[in-house]
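Top to bottom, those sequences are chains A and B.
The C-terminal residue of the first sequence carries number 982 in our numbering, and the numbering is unbroken.
The C-terminal residue of the second sequence carries number 982 in our numbering, and the numbering is unbroken.
Rather than coming from a laboratory, the hints here were simulated on the basis of the structure.
Some hints here could point you the wrong way.
Because identical chains cannot be distinguished in the list, a pair is counted as satisfied if it fits within a single copy or across any two copies.
To be verified - Calculated pairs, SDA-like style, for lysine to any residue (alpha carbon to alpha carbon, straight line, at most 20 Å):
#1 720 with 934
#2 952 with 801
#3 940 with 865
#4 794 with 848
#5 952 with 841
#6 940 with 896
There are 2 protein chains.
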Amino acid sequence: MTEPTLNPESGFRRLKIDLAYDGTNFAGWAKQPDQRTVQEEIEDALSRLVRFPVATIVAGRTDAGVHATHQIIHADVPEEELDIGNFAYKLNRILEEDIAINSVIEAPANFHARFSALKRRYIYKIADGGRQISPLERFDIASWFRPLDIDLMNSACAQMLGNQDFAAFCKFREGSTTIRRLEVFQWRRNEDGILVAEVAADAFCYSMVRNLVGAAVCVGEGRFSQEWMINLLEEKVRVSNSYVFPAKGLTLTGVEYPDDELLLDRISMTLGRRDEEF
Amino acid sequence: MTEPTLNPESGFRRLKIDLAYDGTNFAGWAKQPDQRTVQEEIEDALSRLVRFPVATIVAGRTDAGVHATHQIIHADVPEEELDIGNFAYKLNRILEEDIAINSVIEAPANFHARFSALKRRYIYKIADGGRQISPLERFDIASWFRPLDIDLMNSACAQMLGNQDFAAFCKFREGSTTIRRLEVFQWRRNEDGILVAEVAADAFCYSMVRNLVGAAVCVGEGRFSQEWMINLLEEKVRVSNSYVFPAKGLTLTGVEYPDDELLLDRISMTLGRRDEEF
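Next up, chain A with everything else stripped away, as it sits in the complex (with noise of 0.2 Å):
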C-alpha cells in the first residue's frame, strides 16, 4: 500500500474526492480491525477500481456515528488512470447505499485534503421538548426532552468564538494541543422546529463539537448560566462527560480550502504547528 505524501509520488496523479456518508452503521472514519469503517470501504473500492492498492488522507476524521455531506479526501493512483470522467459513477456502483461519491477531480498541485484546509463545517441538530422527530428524518437528529431557549445558547456560544484554547470541551490526548479558532457557533429553528447548530472552525480536536453542543444546551435548558460556560472555556476545566451529546446529531457538511496558488502556504502553516489535530 503506498503512503500518500506530501505531493504524489513519480508515475501517480492525485484525486480530490468529495463524499457524503451516513454515520449510522460504521464505526467511523478511520480503519479498525473488525470494525466496518468508512476509509476501508473507499479504500477497498478505489483499489479495485484502478487494480492497485490506494490509500487516502481524510479532511476530517470523524468519529463513529458522524454523519458527512461533503467530506474531502484525497487519493494518489497510477497516472495511466485516465477515465477519472467516469469514477464517481463506478464507485457509486461498487459502494453501499450509505456511502455516496459526490465528485472525483484530479487534484491541483500542492493539495493535500488534510494540511491544506483551511476550515471545517459542521452542523448539529437537536429536536427539543420532547418534539418528535420524524422516522425517515431520525438517523441525523439527537433529541432532548427538554425545551431549549436558543437566545440563551446563542449568547453563550458566541462567547466561545475566536483563537481559544479549549481544552475543557477536548478529550485530553498527551502531546496534542487545544488551541483551535473558532470561527462560526450559531442555532437557528428549521422549518419542522428542529435546532440546527452551525459550526465551524479551522480544526477541531476530537469530540470537541459534541462537547461544545452538551455545554450549550446545559445553558439553553436553564441548568447553568452562561456565565458557567464562559468560566469552563476560561478555567479549561474539562466538561462532565455526562453533557456530552451522542454522535448521531452531528454532519460534516464541507471542508474549505484556499485558492490553488496558497495550497502549499497552507500545508507549510499547517505543519508549523506540530500538534495539529483535524
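Given chain A's structure and the hints, the job is docking chain B onto it.
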C-alpha cells in the same frame, strides 16, 4: 379482538391517531402472517397500553416500502382509559424507531378513519439525471438515470385531473371500480434539485400513484408524447408494469376529513359507492 364498527360499541371510546413511519423495513400497512407490518406493531402497542386487544382502521392502506408522515387511523378502546393525553408519549416508548405517533385524540362523533376521509395526499420523490442521492436521504427517494423535463410532465399530468376511470393506472381487481377524482398531480424541484410530485385524490386504487409516476417519467424523458399518456387514460389500456415506479419514493403526507357535523354524511356517501377502495 373487537372489530371496529361504524361507531364504537357501548363501553368503548374511539381514538383518532396521527402517525408516521419509515416504510423501508415493513411489508406495508396491512397485517400478514410472518411479516413485519405497521398495523401489527401499532395494534400490539395499543393492546399492551390499554391491556385489551385493540383493532385499528386505517385511512390509507400503504403498500410494502411506502412511507407516511401523517397517516390517520382510528381504534376503539375501553371507556375507562382516561389518560389519553399521555398516549402518544407512552406509545412512542413502546414502538421501535421507524414508527412515531404524532398525536392521539378522542375522535369526534361519527369519525371513521377510512369512510369519513375526503382526500388522501401523497408525495413522490425522484432524483433524476443520475443525480447522486445523499445517503441520509436515500430511504424516500427513487432514482432515474435520464434527466426529466418537468414542464412536459406537468403538462401531461394536468390532463389526468378530474373524475376519471383510472383503469389504465390500477392493478385490476375483480369487482372494484377504478373511478377516482384526482385533484392534484403537480411536479416541482426542491432546493436539492430532487423532483417532487404532489398527488391528491378522494381515494387511490392499488399502486395508482406509482403507475401514474411511471407514465409521467416516460413523458418527461421524451420516450413518449403526452398524447400517449392521455390516450392510456382514455382508452383504459393498462400501462406496462415495467413503467411502475418503486414504493420507496412514495410517502403518504396527509388525510383530510370534513368538519365534524359532516362526518356522517361523508360515511354514507362513501358506503353508497360499494366497491370503493382506498
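Verification of the hints:
no. : hint         : in the structure
1   : 720 with 934 : neither (39 Å within a copy, 48 Å between copies)
2   : 952 with 801 : both (18 Å within a copy, 14 Å between copies)
3   : 940 with 865 : within (15 Å within a copy, 65 Å between copies)
4   : 794 with 848 : between (41 Å within a copy, 16 Å between copies)
5   : 952 with 841 : both (11 Å within a copy, 15 Å between copies)
6   : 940 with 896 : neither (36 Å within a copy, 41 Å between copies)
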